[in-house]
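Chain by chain, the residues:
Protein chains: 2
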Amino acid sequence: MDPRLEEHAKILVEWSTEIKKGDMVGIRASPESHEFVIALYKKIAEKGAIPITLMNTDEMGKAFFDGADEDTLNTAPKHFEAFLENIDVFIALRSPSNIKALANVDSKRVIQRNVAMKRVQELYLSKRWCLTVHPTYALAQQADMSMEEYQNFVYDATLLDWKEESQILNKMKEHLERHNDIRYTGPETDLYASTEGRVWIASDGKHNMPSGEVFTAPVDNSVEGKIYFDIPFLQQGKVIEGVHLTFEKGEVVDFSAEKAEKTLKEIIEVDEGSRRLGEMAIGTNRGIKKYTLNMLFDEKIGDTIHCALGQAYKENNGTNESAVHVDMIKTMHEGEIIAGDELIYCKGKYFYEM
Amino acid sequence: MDPRLEEHAKILVEWSTEIKKGDMVGIRASPESHEFVIALYKKIAEKGAIPITLMNTDEMGKAFFDGADEDTLNTAPKHFEAFLENIDVFIALRSPSNIKALANVDSKRVIQRNVAMKRVQELYLSKRWCLTVHPTYALAQQADMSMEEYQNFVYDATLLDWKEESQILNKMKEHLERHNDIRYTGPETDLYASTEGRVWIASDGKHNMPSGEVFTAPVDNSVEGKIYFDIPFLQQGKVIEGVHLTFEKGEVVDFSAEKAEKTLKEIIEVDEGSRRLGEMAIGTNRGIKKYTLNMLFDEKIGDTIHCALGQAYKENNGTNESAVHVDMIKTMHEGEIIAGDELIYCKGKYFYEM
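Protein chains in written order, with the numbering used here: chain A, 120 to 473; chain B, 120 to 473.
Don't read these hints as lab results, they were simulated from the structure.
Don't take each hint at face value.
Where chains are identical, the list cannot tell them apart; a pair therefore holds if satisfied intra-copy or between any two copies.
Here are the computed lysine to any residue pairs in the SDA-like style, where the Cα-Cα straight-line distance is at most 25 Å [unchecked claim]:
1) Lys140 - Thr194
2) Lys408 - Tyr469
3) Lys139 - Ala195
4) Lys384 - Glu267
5) Lys357 - Val443
From a predicted model like this one, the values you see are computed outputs, not experimental measurements.
Whenever a hint applies, use it, and build me the whole structure from the sequences.
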């Protein structure tokens, strides 16, 4: 076994979910993560906890959608809910064989099924949970890499000293919370938002692996100015690139995209909330050196910021409501991040490095 | 997809477990049965039922045993139990990548874990459940076949008209239940047992797929005579072959084996019950033309009988108790099966073919 699988498993078990004696552990895996599940089983058993693994793939989901009528789509999975009610920890492994398996399922039916699965979602978010990736050919392909390159990419991002990372991230959170606003500057960018009454959260490897971001929800109507997102991202199967947004009183008043502008327009026009920002964040993981169209990694890239149009998180005291939450990322090597009168980041350096 | 996977799935869903609208369905699978699980998902969804799949392999089991201490081995999986309490149907797919993954785990630890898993076992046996096989290289290798040959072997045995098979099997059950005893004759064989007060069961594809046997539990102290089992079988990793047993008042008083006699001796000496028969049965599935050291198939081979030393089944009104249940099989092309004064089988023909 690649020793990095054992290191990855150790981080998930000891740092992310802090598994202890007697814990009932649920794992969500695919056939491609079998070897990683084996690494997890040994570590979980060593802690005195009991693992059970659910096998789930989009190909299985496709078969379900192909067979199910309306009533079936609306039927809640009582057995799945009962399982989740009785776990302490949930580890979700993303390891697809084919990221396009659901490409031709009507998105309305996917949303309909998600509504029936709402309690499942709530249940696992109420536990100690962590989402991570196990490298597969499908993900390597999406990232424009060979498998070996992609494995290196994943482990460079995840096999960090998370205790140390956590200290750095929490220091940044403390500094950001001394102020009531945030400002991003840079080429074609000067965006301001109030963060009064909001909470900054340090994403330090507890729920996402990799982690490496500090994020909040801006005050809904306070966002002013313009921003240019230079990192491409995937939405509705389309790569959107080179997005310009202009805000007045919290709302998008002008927008453009160098690629897939039509898809961007559709996102902005979903509902009232999709015209406003639900999240503003700073990515800090310098183990991630390039984007791969996988938001779990891309939004954590070091020396970036990101903003999301749409739904805000309750943990941030966020209030914006929307059916969407679409992250967009900007590199900051030529920019600044300013909170109140404090320079948090300037052209490649965080305040604690200056 | 091989259309035989869809046929196999249809039989499991429609005949074996009779899945209907609203059923909560649990599947136990391995990575190697992913494609078959996809076939099952579509059929299950078409019935209006909701499938959830557990991934379980002996390699995962091995990792758990490697990590677990005594306390952990004794800890019941509450989340697994909760899942099973909330299902209507359980479909167990045997599709190993390696049938020897647990070869070097102390069998005492396996038994200890099974004790902690007792409620899991009871729960799924209390539902509509079925055990089947999905062809893998490991199983083909065990059967001395290529993958293509093994696939043909499995589907020849399973893709039958089970309604018709059930009628034939139940007719045999009715005839056997008209009498109070059973006798097997043939080369080096003349074995008699009372079946008074016992129930014959037709295994017609509800719990095992393939099926094709009629079985009962003999009256504990009634078994008299001798028998020669000419089909090899696997026990404790050893192939036991050419077994002779002699019974007096229900107990083995003499035995020999052409291969692995030592292992046979150990089985007979496990406890009081392992010296007596817990099962006597007639195999009827002529789709199975050779033994493969896989009891799910071997005991169903057409024109055979089998007997098991050890634990009897409650469904048969069986009373013999033992920690073991070891099936042994005999071809009957030169033998007879007689119940009371009725010839049930004679040299290649069942009573309904004579």
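Evaluation of the provided hints:
| no. | hint | in the structure |
| --- | --- | --- |
| 1 | Lys140 - Thr194 | between (35 Å within a copy, 10 Å between copies) |
| 2 | Lys408 - Tyr469 | within (17 Å within a copy, 73 Å between copies) |
| 3 | Lys139 - Ala195 | between (31 Å within a copy, 15 Å between copies) |
| 4 | Lys384 - Glu267 | neither (37 Å within a copy, 53 Å between copies) |
| 5 | Lys357 - Val443 | within (16 Å within a copy, 60 Å between copies) |
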